[in-house]
Amino acid sequence: MRARVFVTLKPSVFDPQGRTIADALHSLGYGGVQDVRQGKYFELDLATTEAAQARALASEVADKLLANPVIESYRVEIESLSGAES
Amino acid sequence: MKFAVITFPGSNCDQDAYHAAKDVIGEQAEYVWHKDTDLKGADVVVLPGGFAHGDYLRCGAMARFSPIMREVQAFAARGGPVLGICNGFQVLLEAGLLPGAMLRNRSLKFRCEHVHIRVEQTDTPFTSACRRGQVLKIPIAHGEGNYFAEPDVIERLERNRQVVFRYVTREGEATDAANPNGSAAAIAGLCNEGRSVVGLMPHPERACESILGSADGLVIFESVVQSLKSGALVARA
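Line by line, the protein sequences give chains X and A.
Okay, so the first sequence: first residue is 1 according to the working numbering, each after it adds one.
Okay, so the second sequence: first residue is 87 according to the working numbering, each after it adds one.
No lab work stands behind these hints: they were computed from the structure.
For clarity, every value in this text was computed on a predicted model and none was experimentally measured.
Some clues are possibly wrong.
Some chain X residues flagged as far from chain A (calculated, every beta-carbon gap over 12 Å) [stated by the list, open to error]: (1) L28; (2) A52; (3) V70.
Derived pair list, reagent style BS3-like, types lysine-lysine, alpha-carbon separation capped at 30 Å [said to hold, decoys possible]: (4) A:K126 x A:K88; (5) A:K88 x A:K223; (6) A:K121 x X:K64; (7) X:K40 x A:K126; (8) A:K195 x X:K10; (9) A:K121 x A:K108; (10) A:K121 x X:K40; (11) X:K40 x X:K10; (12) A:K126 x A:K108; (13) A:K88 x A:K315; (14) X:K40 x X:K64; (15) A:K223 x A:K121.
Label pairs and their computed distance ranges (CB to CB) [unchecked claim]: (16) X:E50 x A:D124: 26 to 34 Å; (17) X:R19 x A:A263: 34 to 42 Å; (18) X:E43 x A:D124: 14 to 22 Å; (19) X:E77 x A:A318: 48 to 56 Å; (20) X:E60 x A:Q312: 20 to 28 Å; (21) X:V13 x A:M87: 38 to 46 Å; (22) X:A56 x A:Q220: 23 to 31 Å; (23) X:F14 x A:Q312: 38 to 46 Å; (24) A:G112 x X:V33: 37 to 45 Å; (25) A:E241 x X:P69: 13 to 21 Å.
From the three backbone atoms N, C-alpha and C, an ideal C-beta is built for every residue, glycine too.
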């Protein structure tokens with residue numbers, strides 16, 4: 001199974017990079033982009049073929065290392081080789 | 087008295103810390119490689135500045151898993167004095183030895199300059215020779231020193247008097263302009279609840295000789311020597 005882990009700053013945390021990107025887009029004329037939050041994206045190739053196990057494992061490593069819970073939250077998507085599930 | 091200076095792959099202020107401890111204040115100092123599993127009988131542990139493990143993922147995130155950190159945790163749990171400088175402070179945060187986390191500087195710029203910090207608390211081993219309210223001129227050099235913790239954590243830190251250093255003007259005033267990175271409550275340095283673990287973003291080891299532009303950092307090293315020699319601290323590695 002493949003896990004996709006999206007790590008983003010928590011809503012309460014100011015994201016200076018996202019703000020700078022939003023400002024740049026506004027100066028390019030994309031006024032319709034109201035806000036930008038920058039984050040990190042991880043793809044984990046997992047040995048298991050069980051979606052539930054894959055989700056549990058991806059969440060565990062996200063808690064332990066990929067995200068810092070003080071400032072970040074994360075979301076996990078699971079995809080099997082034969083087709084997408086989440 | 088012996089200082090252990092922990093060297094991670096990517097540490098680059100370990101020699102400055104060693105020089106300050108050994109050559110400037112004349113105490114023993116020893117480098118301890120991050121894969122080592124003992125602190126060589128040290129009385130004080132310094133986590134130096136730099137970019138431990140390349141700062142991959144997040145600053146300090148990988149260093150937390152270095153074998154020596156288990157010893158540092160145990161040393162800190164026994165009340166041993168631990169000083170984390172810049173990246174060393176980030177490692178202490180990631181390791182959970184101090185609360186909070188670092189964000190990119192508010193300006194998004196790497197700031198490398200002398201700043202002024204005010205000593206808020208003198209009952210830590212690293213500020214015991216300071217005067218409360220004393221202003222120190224010390225350099226910073228970081229891109230991610232924007233201290234963050236949730237408001238209730240900041241409140242608890244203030245209530246427990248764990249904010250040890252704050253960014254201020256030369257005159258000692260905490261203004262927004264004097265805050266070089268956007269840190270919450272202008273926090274430049276913190277201690278743990280036991281007060282023996284101290285982390286700060288500015289580099290006192292780079293300000294121990296007047297030829298370097300300031301010798302104000304010396305008092306941090308002198309404080310811990312004085313604390314240990316007076317018997318106020320007894321933990322040993």
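Right, here's what the structure says about each hint:
no. : hint                       : verdict
1   : L28                        : holds (18 Å)
2   : A52                        : holds (26 Å)
3   : V70                        : violated (4 Å)
4   : A:K126 x A:K88             : holds (9 Å)
5   : A:K88 x A:K223             : holds (26 Å)
6   : A:K121 x X:K64             : holds (21 Å)
7   : X:K40 x A:K126             : violated (39 Å)
8   : A:K195 x X:K10             : holds (22 Å)
9   : A:K121 x A:K108            : holds (23 Å)
10  : A:K121 x X:K40             : holds (29 Å)
11  : X:K40 x X:K10              : holds (13 Å)
12  : A:K126 x A:K108            : holds (16 Å)
13  : A:K88 x A:K315             : holds (12 Å)
14  : X:K40 x X:K64              : holds (15 Å)
15  : A:K223 x A:K121            : violated (34 Å)
16  : X:E50 x A:D124: 26 to 34 Å : violated (42 Å)
17  : X:R19 x A:A263: 34 to 42 Å : violated (20 Å)
18  : X:E43 x A:D124: 14 to 22 Å : violated (39 Å)
19  : X:E77 x A:A318: 48 to 56 Å : holds (54 Å)
20  : X:E60 x A:Q312: 20 to 28 Å : violated (45 Å)
21  : X:V13 x A:M87: 38 to 46 Å  : holds (41 Å)
22  : X:A56 x A:Q220: 23 to 31 Å : violated (52 Å)
23  : X:F14 x A:Q312: 38 to 46 Å : holds (40 Å)
24  : A:G112 x X:V33: 37 to 45 Å : violated (59 Å)
25  : A:E241 x X:P69: 13 to 21 Å : holds (19 Å)
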